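Asks: Sequence:
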Amino acid sequence: MKIPDLNLLVALNALLEEGSVVGAAQRMNLSAPAMSRTLSRIRDAIGDPILVRSGRGLVPTPRALELQDQIRGLVEQAHAVFTSGNVDMSTLERTFSVRANDVFVSSYGSAVRECLKKEVPKATLRFVPEGDTDDNALHEGRIDLYISSMRSFGADIKVQTLFTTSFVGLVREGHPVLDRDVDLGSFVAFEHVSVSRRGRAKGPIDRALAEHGLERHVSLITPTFHTAIFALSDSDLILPTMPRHMLGEMRRLGLRLRDFELPVPLETIVIVQAWHPRFDHDPAHRLLRRMIKRICEGEHE
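Numbering follows the numbering used here, in which position 161 of the sequence shown is assigned residue number 161; successive positions increment by one, without gaps.
Calculated from the structure, these hints are not laboratory results. These numbers come from a predicted model, not from an experiment. Accuracy of the hints is not assured; some may be wrong.
Restricting the straight-line Cα-Cα distance to at most 16 Å, the calculated cross-link-like pairs of lysine to aspartate or glutamate (EDC-like) are [to be verified]:
#	residue 1	residue 2
1	Lys122	Asp88
2	Lys293	Glu114
3	Lys202	Glu191
4	Lys293	Asp280
5	Lys202	Glu215
6	Lys118	Asp88
Label-pair restraints from in silico Cβ distances [what the hints assert, rightly or not]:
#	residue 1	residue 2	range
7	Leu6	Thr124	50 to 56 Å
8	Ser31	Arg286	28 to 34 Å
9	Thr161	Leu65	34 to 40 Å
10	Glu119	His212	47 to 53 Å
11	Val59	Ser110	48 to 54 Å
12	Leu255	Leu65	46 to 52 Å
Don't be surprised by glycine CBs; every beta carbon is placed ideally from N, CA and C.
With the hints as extra help, turn the sequences into a complete structure.
Replies: Structure representation (structure tokens):
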């Protein structure tokens, strides 16, 4: 009896979690044609199409859904076998998938990658954007870490505080709101930009303004802070929720933007990293967590 190539299990796990040949190829550092050939081998080995086209994407077959949990478990067990005990970080080839927003990536992504390069030179750092809705990516093993503001992650998810930050207002250089101290009246006199991956215009700042009998006009909603920042350069828009810890990076880039203290108080934001307990004792994962914690603490001392 011919022994099947166990690498196909790893590829199949990636294909089912990504739901895309291109996504699975990127995750495994392969070309899309190579991953397509691997999918063909998987189909021959299992005797099932595994993924079939639906519209512009691919969806798993009933047989694939039936196997998914079993395949994930086998891959995790195999990973545990090869990463238990002493691990030679200098030769370890591994992709770390970290879900984080553009503010964290722009502020800390380069530093994390440089530190990782020194400790695990053959590793790949893959930042995954936040989606429109929260999902089970941590439970399903599609990401290694989730870095975000504190939220409900579930009782079994491990959480560690990285740092705290607050919000400031941000406008273009020469904006008329800066002609004098920014008070509530001048703050709501100009149109605002809201940053929300879910497309929301309202938030904590609106509740704070309502306590003073005021409301603002949000005329632009963007999914990321970077798109909001670039929208400020040639307009009189106000971005009222700029994370304070990003100001240093903004100044290093020489952007012609100015920050100001908000005339309404907003709660301090706690930024955390969260992971599934399956990675608690994984040496490489522990190294990555310690590295991120150390970098964030160094920036906020």
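Asks: Would you mind marking each hint as holding or not holding in the structure?
Replies: Okay, the hints, checked on the actual structure:
1. Lys122 to Asp88: 11 Å, holds
2. Lys293 to Glu114: 14 Å, holds
3. Lys202 to Glu191: Holds - the C-alpha atoms of Glu191 and Lys202 are around 13 Å apart, at most 16 Å.
4. Lys293 to Asp280: Measuring from Cα to Cα gives roughly 15 Å; hence the hint holds.
5. Lys202 to Glu215: Distance of about 10 Å is within 16 Å: holds.
6. Lys118 to Asp88: Roughly 13 Å between the alpha carbons, so the hint for Lys118 and Asp88 holds.
7. Leu6 to Thr124: 50 to 56 Å: Violated, since Leu6 and Thr124 (Cβ atoms, about 21 Å apart) do not stay within the stated range.
8. Ser31 to Arg286: 28 to 34 Å: For Arg286 against Ser31, whose Cβ atoms are near 32 Å apart, the range 28 to 34 Å holds.
9. Thr161 to Leu65: 34 to 40 Å: For Thr161 and Leu65 the Cβ distance comes to about 37 Å; the hint holds.
10. Glu119 to His212: 47 to 53 Å: Given about 50 Å between the Cβ atoms, the range holds.
11. Val59 to Ser110: 48 to 54 Å: 37 Å, violated
12. Leu255 to Leu65: 46 to 52 Å: 47 Å, holds
In terms of the numbered hints stated before, the structure departs from hints 7 and 11, listed from lowest to highest.
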